[in-house]
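Chain A is already provided as a structure; the job is to place chain B on it using the hints.
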Amino acid sequence: MQMPLPDPESLAKRAELIAGLKAIVPAANLVADQDGMRPYECDALSAYRTMPMVVVLPEDTAQVSRILKLCQALKIKVVPRGGGTSLSGGSLPLADGVLLALGKFNRVLETDFVNRCAVVQPGVTNLGITKAVEHAGFYYAPDPSSQIACSIGGNVAENSGGVHCLKYGLTTNNLLGVEFVLMNGEIVRFGGKHLDAPGYDLLGLITGSEGLLGVVTEVTVRLLRKPPMARGLLLGFPSEEDAGGCVADIIAHGIIPAGLEMMDRDAIHAAEAFVHAGYPLDVAALLIAELDGPAEEVDHLVAAVEKIARDRNATVCKVSTSEAERLSFWAGRKAAFPAVGSLAPDYFCMDGTIPRHRLAEVLNRIRALSKQHGLRVANVFHAGDGNLHPLILFDANLPNELKRAEALGADILRLCVEVGGVLTGEHGVGIEKRDLMPVMFSEIDLNQQIRVKCAFDPDHLLNPGKVFPTLHRCAEMGRLHVTGGKLPFPDLPRF
Amino acid sequence: MSEVIQPRNAAELTDTIAWAVEHDQALRIDAGCSKAEFGHAVANARPLDLKAMRGVILYEPEELVLSAAPATPLSEIEAVLAQRNQMLAFEPPDFTALLGKSGATIGGLVACNLSGPRRLSAGALRDHLLGFQATSGRGERFKSGGRVMKNVTGYDLSKLMAGSFGTLAVLDEITIKVLPAPEKTRTVLAFALDDAAGVALLCRAMGEPVEVSGAAHLPASVAARSAVDYVRNARASVTALRLEGPGPSVEARCQHLRATIGTAVATEELHSVNAVALWRELRDVTLLAEPRDRIVWRLSLPPSEAARVVAAIRANNPNAEVFYDWSGGLVWLSLPASAAMGNDASEMLVRGAVNNHGHATLIRAPSDMRARVRVFQPLAPALAALTARVKDAFDPKNILNPGRMG
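Residue numbers (our numbering), protein chains in the order written: chain A, -10 to 484; chain B, 14 to 419.
Chain A extracted, bound-state conformation (with noise of 0.2 Å):
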C-alpha cells in the first residue's frame, strides 16, 4: 500500500513546525524524539508503520484551532489519532505529517438524564461513557468490540458500529452534536441536545469522514434507558444454509434481535480450544442470538426465536437462564479474532458487507477463493446486518506472504460488491481498502466525494492518502465541463 511521498518542503520546515508547536502547547505535549513517538507510529493495522515528523497532544479545542491554522500556514498535513485502535489504518502517521493526538480530551462534560444525552471529550473511551451513566440506569448503545479501547471520537470518525447496531443503530444514529476545527482553524458545531440538523445534515455527512474533513473536539450522544434484560441463544445448524434461513426467517417474524452473530466451523473450533466456552464442535454454523427488552418482550421472544430455529433444524438450542450463562455464550464470539489469531503468526481482519441471503453463496466462494490463494480463513459475521469478518490467517515472515493475504482480502471485498454489498460496513476503507475505492465507485462518484473534500479542507491537509486513491487539485475539480447538452426529448408535448 503505498502512501503519498513526503514531501521535502514540509520535512525542511520540521524546526519551524516545532518551533510554531511550542508557542502552543506545553513542552510536555510535544513529542518529537524517536523513542516517545514510536506509540503512533501505527494504530491496529500494525503491518504499516511510519513515524510522524512529530507528536502533538492538544488539551483544550483553541489549542486544536491553533495547531491547525499553524499547520495550514505551513501547508503540513495533519493525522488525528483517538484510541489508535483503527484496523484500517486510519490513523497511519505521515512521515512529513503532524500527528494530532487527542487522548488529553478525556473528560466526561455533562450527563443530562431529562434530555437524555451527554456531552463528552473526543477521547472518552466508548465503553467509558456508559460507565459514566450506567448509575442512572443509562448507557451508550454503539459497542464495537474494541470499546474499552476506542475513543468516541474516532467513533464519529469511523462511524462504528457493533453487534448491538442491529437494532440500536451506528454511532450516526446515536449522535447529536459535535464541535469540529476545520483546517483553517475555524471551530463550527453541528446539532446540540436538540434533534435534527436547522439546514444541511452537516453532522451525518462528518460522521464516518476518517479524519479527512476535519477534527472532533467534542460530541454530544443519545443515551438509551438500559434495557431491565438480556437472553442469549446458542443456536448450532448443520448448515450453513440453515443457519442464514434459520437468520432470514427471524427478520421475516418480525423480530430484531439486539445481536445476531454466525460463527463457521473453523471459528468455533479455534474459539472452542482457546476459552472453552461450550461450543458444540459438531455443527457447520453457530448463531449466537440476543434478544433485551423488558422482560416481557424477552421471554416471548426467546420462545418465537426457539421455534424459529428448531424449524430451520437446529441441533442445538440453547438459552440462557441466567446472567453469567449469557455471557458465556459471547464468550467464545469475543474471543474469536484472538482465537483465529492464534492459529497463526498473523491475520487480516476483513470487513465486508453482503446481502444477507447471499451468505451461504459468499462464504462458498470465500473457500474456493482461499484454497486458490492458498491462506486458511475463518469467518465470522453480523448475521443480523450481513456484516462479514473473514479472518485471513498468514505468517508475515513469509516472503510474500503479507502481499498473498492483501490480494485475498482484496478479493474477498471485489466479491462482497460483486453479490450487492459494500467494502466496508464498520472498520473504515483507511488506507487498507482505499485502492479498491474503484471497485465500489465510479471516477465521478470518487470526483463527487473529493468535492466534497475541498469544501472542507482545499489543501488536502488533513489525513491524504487515506480512503480516496487519487489526491486532485481543488480548482481543478471545480471545473465543469461543457457537454453539448441537448434537451433530451424535444418532441414530447409541452405542458
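Since the hints were derived computationally from the structure, they do not count as laboratory data.
This one's a predicted model, so the numbers in the text were calculated from it and none came from an experiment.
Don't take every hint at face value.
To be verified - Going by beta-carbon spacing under 7 Å, a handful of chain A positions derived as facing chain B: (1) N104; (2) N162; (3) V177; (4) S198; (5) R214.
C-beta: ideal position from N, C-alpha, C; glycine also.
Chain B only, in chain A's frame:
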C-alpha cells in the same frame, strides 16, 4: 418560464440537467408538489417534473430494504409494505391537512427529511436512507451508499441529501431501510398536566424501561380538537405515551408505565384504533391545521427547554397554540395571522425565544411572508460559509431549486 420538462427515466433526467447547466437554466424540482409551499419560493426557474419517474424498483422484506423512484407516492409504498407487515419506522407525515395539497412522494419526503412521532425512538428519515442514485447540479449522475445498513464506505452523502430540499442533486433512485410493523399499539394518556409537568412526565417515561415509541403533550385547547373521544372529551390537557410491540409485552409495559405515573395523575389507556388515530393526528399536525390562515412554525429543542420557550412566546402572544412531540423535542406552534401582530414580528418572537437552544423552521405562511422572513434557521457565519461551499461542490451554478433554502 413556461414549459414543464418531464423526464421519463434517469438518463433523460441527467441529460436535462446537463443541458440546464450548459444554458444556465435554473430548475424547480417538482414531484408530488404537496410541499411546494414549504420553504422559500423558487423564482425564475423552469419546472422539472419528476412525476413519470415513479414505482417501486426493489422490495426484499427479509433484507429490510426497498428502493423506489422519486415520484412514487408514499401511499403506494406504505401499501406495499403493509402487505408484508412492514413499515417506514420514521413515520413520515402527510401534510394534506396542514398545507392543503395531497400527493406526498418518497422523493419529497427525503428532500424535506420529514419524520413523525416515532422519530423519537426509531430515528429520523435520514437514519433510514441507505443509498441513492442522483444527478448533481453539475449534470453528472452519481451514487452513494448502497442497500445495506452497515456501510462506512466513503462519505455518507445520503445524510446530506436528506433535508437538502432538492438543492444539491435530483434523486432518481432512493433506497430505504424498512422495518417490521408492530403487532400491537397502545397509548397511555395522562390528564390535566400543565406544559412543564407534561413534558417532564414524557421525559421521565423515556427513562423507564418500557420502550416508549411516541411521547406527546397536548394542551387542553389543542386536545379539544382531536377526533378521538377520550382525548377530545377530557376537557383538559392530554399527555400521551405510545407503546408498541408484541401483545403480551405491550400489556405488561402499559401496566408498568401507569404504575410509574402513579395515582396522583389520572390516566387512561387507548387501544389500537384510537391509539393509531391519535398518533396520526399528531403525525400530520391536523390539530393545528385550522384555521388555515394561521402561521405554523416547527421548533426543534432540547425537551428541558420546550415549555419555557413556549411560555416566552405565549407571554407575547396569548393566542399561540402548541403541542409537543418527541418528548418535548419538537414543538408545533401556530400563531394568528393578525395584521396587528404583524407576520414578520412573529419571526423575531419565535427566533428570540428559541435563541441558540435549537432551531425554528417556518412551515406554513402566506407567500408574501415567506418572501420576507427567513424560513430556515439562520446559521452562524462559519457554518453558513461551509454550507455554501458544500452547495458549491454539488451545484456550482446554483441551478437546482435556487433560493429554496434561503
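Going through the hints against the structure:
For the restraint placing A/N104 at the interface with chain B, the shortest Cβ-Cβ distance is roughly 5 Å, inside the 7 Å limit, so the hint holds. The criterion of a C-beta within 7 Å of any C-beta in chain B is met by A/N162, whose closest approach is roughly 5 Å, and the hint holds. A distance limit of 7 Å between C-beta atoms decides the matter here; for A/V177 the minimum to chain B is near 5 Å, and the interface restraint holds. The beta carbon of A/S198 is positioned within 7 Å of a beta carbon in chain B (closest approach about 6 Å), and the interface hint is therefore held.
A hinted interface residue such as A/R214 counts as satisfied when its beta carbon comes closer than 7 Å to some beta carbon of chain B; here the least separation is about 5 Å, so the hint holds.
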